[in-house]
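Protein chains in written order, with the numbering used here: chain A, 4 to 138; chain B, 3 to 133; chain C, 299 to 1073.
No lab work stands behind these hints: they were computed from the structure.
Taking CB as the label site, the calculated pair distances span: (1) R897(C) - V8(A): 39 to 45 Å; (2) R973(C) - H68(A): 39 to 45 Å; (3) V8(A) - Q857(C): 52 to 58 Å; (4) W99(A) - A103(B): 47 to 53 Å; (5) G62(B) - L896(C): 34 to 40 Å; (6) W99(A) - F878(C): 52 to 58 Å.
Since the structure is predicted, the reported quantities are computational estimates derived from the model, not experimental observations.
No residue lacks a Cβ here, since even glycine has one placed at the ideal position from N, Cα and C.
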Amino acid sequence: MQSVVLTAVARIFFTIILTGSVWILLRGHNEPGGGFIGGLFGAAAFATLALALGVETARRALLLHPVVLMGIGLFVAFASGVPGLITDASFLTHQWGSLAGIKLGTTIAFDLGVYFVVVGGVLSFMFRLFAEDAR
Amino acid sequence: MTLVYALTIAAYMGCGLYMMLSRHAVRMILGLALLTNGAIFLIFFAGRMGATSPPVIPRGIDALAADAANALPQALALTAIVIGFALTAFAAVLALQTYRALGTLDVREMRAAESLGAPDAPSSGRVKSDG
Amino acid sequence: MDISTVLLLGLLGSIALPFVATATGRFGGWIAALLPASLFVYFFGLTGQVGEAPIVDVVPWVPSLGIDLTFRLDGFSLLFALLITGIGAMVTLYASSYMERKPAFQRAQFLLYIFLFMTAMLATVTADNLVALFVFWEMTSLLSFLLVGFHGEDPKARRAALQSLLVTAGGGLALLAGIIMIGVEAGTFSLAAIVADPAPLIDSPLFPAIVACVFVGAFTKSAQAPFHFWLPNAMKAPTPASAYLHSATMVKLGVYLLARLDPVFGQVAWVGATMVAFGGATMLIAAVQAVRATEIKAVLAFSTVASLGTLVMLIGLDGPVASVAVVGFILAHALYKATLFFCAGMVIHATGTTQLNRLGGLARHLPVTAAATIIACFSMAGLPPFIGFISKEYLFEAKLASSFDAIVVAIGVLVNAVMVAIAGVLALRPFFGRARRPIRLINRETPGMTIGPVLLAVTGVAFGLMPSLVAHALIEPAAIAIHGEAFEVSFKLWHGLTPMLALSGLVVVLGATLAWYWDPIHVFLRRRRAFDELLTDRGYDRVLDGTLALARWSTRVLQNGDLRVYGAVIAASVTGLVAFGLLSGAGPLLPDVAEAPLRPYLVVVCALIIAGTIVAAIVPSLVSAIVAVGLSGYGLALVFLMNGGPDLALTQFSVETLFVVIVTAVLLRLPVVARSSRTEGERWTDGVIAAAFAACVFVAALWVAGKPFNPELTEWFAATSVPEAFGRNVVNVILVDFRALDTFGELAVVALAALAAWVLLRASGKTSRSARKET
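Please take these sequences and the hints and turn them into a complete structure.
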């Protein structure tokens, strides 16, 4: 797409939406939000970038191959359940601890895994779909 | 209001089914999407709609207010929406590739399996008995 | 030794011995014959014991269903067991010589089938539990199929084998239904118990159905009209198999079952009359067909059918003499028919031809065969002093004593006259007649082949001259077993000048006349095409073709490759079932739903959703359809938002957006299809199905809302979300903490779907380029 306006503001949009998606991810445990919604927003961010500046730019912004990202997400989600196996003898029983007064737990790791899987999954075929444009 | 919701679900399911019976691949996918939405609405509806405040516990209190919405069907529906989306996306890509491979979107013309013929052909020259 | 142990040993021997025997060369047949011979000796040794009281052996199998392997040896079973094993030994010797020139593996295979059949037959006649009896019954059908189709390269043999299997196994299904009904009504599957107390069966309303099912099973097995056609066709089997299965043993199983159930069935008058009717019809049909037949084995097969008809008719008659007649006839018939089949086999083996009118003058070349045939034919004709004569006397006595008198006697006289004529023709023509063309001899008689028929023929004479040999030991216990109560049994050669003797004389005279004028009568009957239509297996062909045509038609209609038809059928079936369930329930159609107050904003939103779905369904343009679907999805998200589901609303908004984006992207790469893919009529049909489905969903949804709601789980999640999971967004806590494993599975599903879509698009580059090159 050769719209000048879109090209100019695409990166700004991208940053805003991506930050928004991360914020939604992090607040999910206590306010409406969470890994799924954050992931969808994050995928939307990259999709905007791809539409405006081309798939190659978006791929480079993603740093990793989408499928690799998906795999990492699955692994992180799986790994977040292992501490539960060690302590409580039950997979995916989330463990909690305190770090400088903030309660942290393996739930955030699980949600992060969800985030990665959704972003990677949606982008994997979306990039391919957009890449074969205008033939 | 329950009647209105039930009517909406019925409209979703009916129109979705109608579109799924089409022979055009893309229309079938749209029908699938409608059916999925209808099913998700049904799940949410089964959890008793009516409450308007979200199931988020305010700071300082330990339990959810009694008039908050039902959280469990929301969790189920959320899962269903995401999986439905993945499935629909896959179906759309499949339709695209089918067109590219077979050159047609009409399922009547996708008959590669039928061209193999029927398993029983009437045998020529029946064997008779004697006596 | 227990009966079950003996049977098990027999089974093991059946599997092992054929291969051992054929490996040992010339005396293989004699070695193989040791199995049936030893079984014969075992059963013979039990003769006296069985006369006192039946021997019972119980092996538990499925106690909870009342099925066990109970083996009960009484007089009737003992008679059958001796016939099976004795004739089995003869058949083994005969087969080894008959198939001398065949490859060793084929001989071993044949003996394997014969021995397995023998074991199955023994198990059937000694089984007391009806379900066990049925299992062994079907095993004999299966082995008969294998034996009839032994020469599998011949399409006629294959067809005959399939026919025999379909008819007998089909009857077996009916028999199974009957047995299950008997078990349910009588409360037990044990034959002995049922016979001892038949009242619950007779009084039950299912009694006619039970009788009908058992009749179908027995009639198909014993080749009664209208199921008689498979037996002559089964003559495609090698002659030793024909002699064993289709004359002496297997086809008598139906008769065996009917005789066993006679104490129960015989108490109801119409059952006996039905048996007499079917038996009589079978006798007449078989007699006509026997005169029309041209091949030796076909003539013998039809005479077997007539004899089976006689047996069924005898069982239908009342009175203790009928029981004696049945037992006597079974014994006599087995002895002479097996002999005749053996001799026919030797004639075929020697001359290579089966046509009766081409044979002649064989007495010089096959003297032993001729002698055995003549003896057996005398027995078949019912001439003294053969055992056939004694059994015929009792036959006529039973008929005269019964309450049916004149017509059964008339049928009996007529059919027996035909039997006499057949006996005369078979005895005289091939051996002493003049052949039209000179015959070349291929093989000679061998001891292995002649010992069987000679022994059986001599036994027939011996039993005829000295019936006391068998009267007390064998005939009496058997007759008492099937009659149900003890009575005085006499089995003598000479009874004095009785009406039966006069009838026998009449039969012989009629038969001799018939034999004299055999040729013209044979030709006359043969020319009548009507008999071909009515009496042969045309009906079977029609039924088989009709079934296949029905299958083809239904496949063409229901599974014709059109995806829409599949979808429509499924949708219509589901809708029909749900509608049936909703409409057939007691109570009102629509439930009582607590009406929630109307919220105008949401009513508008829902109206928009409904409008969107209808537009999407109707509009021809796909882009418009996508927009309409997206609109409905957004409306749904608004509904979620206004009903306390912000997470859900956010997700639905995002997903709907992405959905529209992706499908539009796909649509841009597809061509525009001008016309609709469905005809007007099809659209109406689909509309009706969809509307019906929507109505069912509407009612079902209302019922869901009308049910009492159990908030237990919701309250538990709400209460423990903060204390145990340290989260305030209950939905997210459920997803990520309480039901994390489910979410993990869902992640896997999403990953898989995305991966599949990604892989599908991988090949896009090459495919589209090559497609472009072609267009």
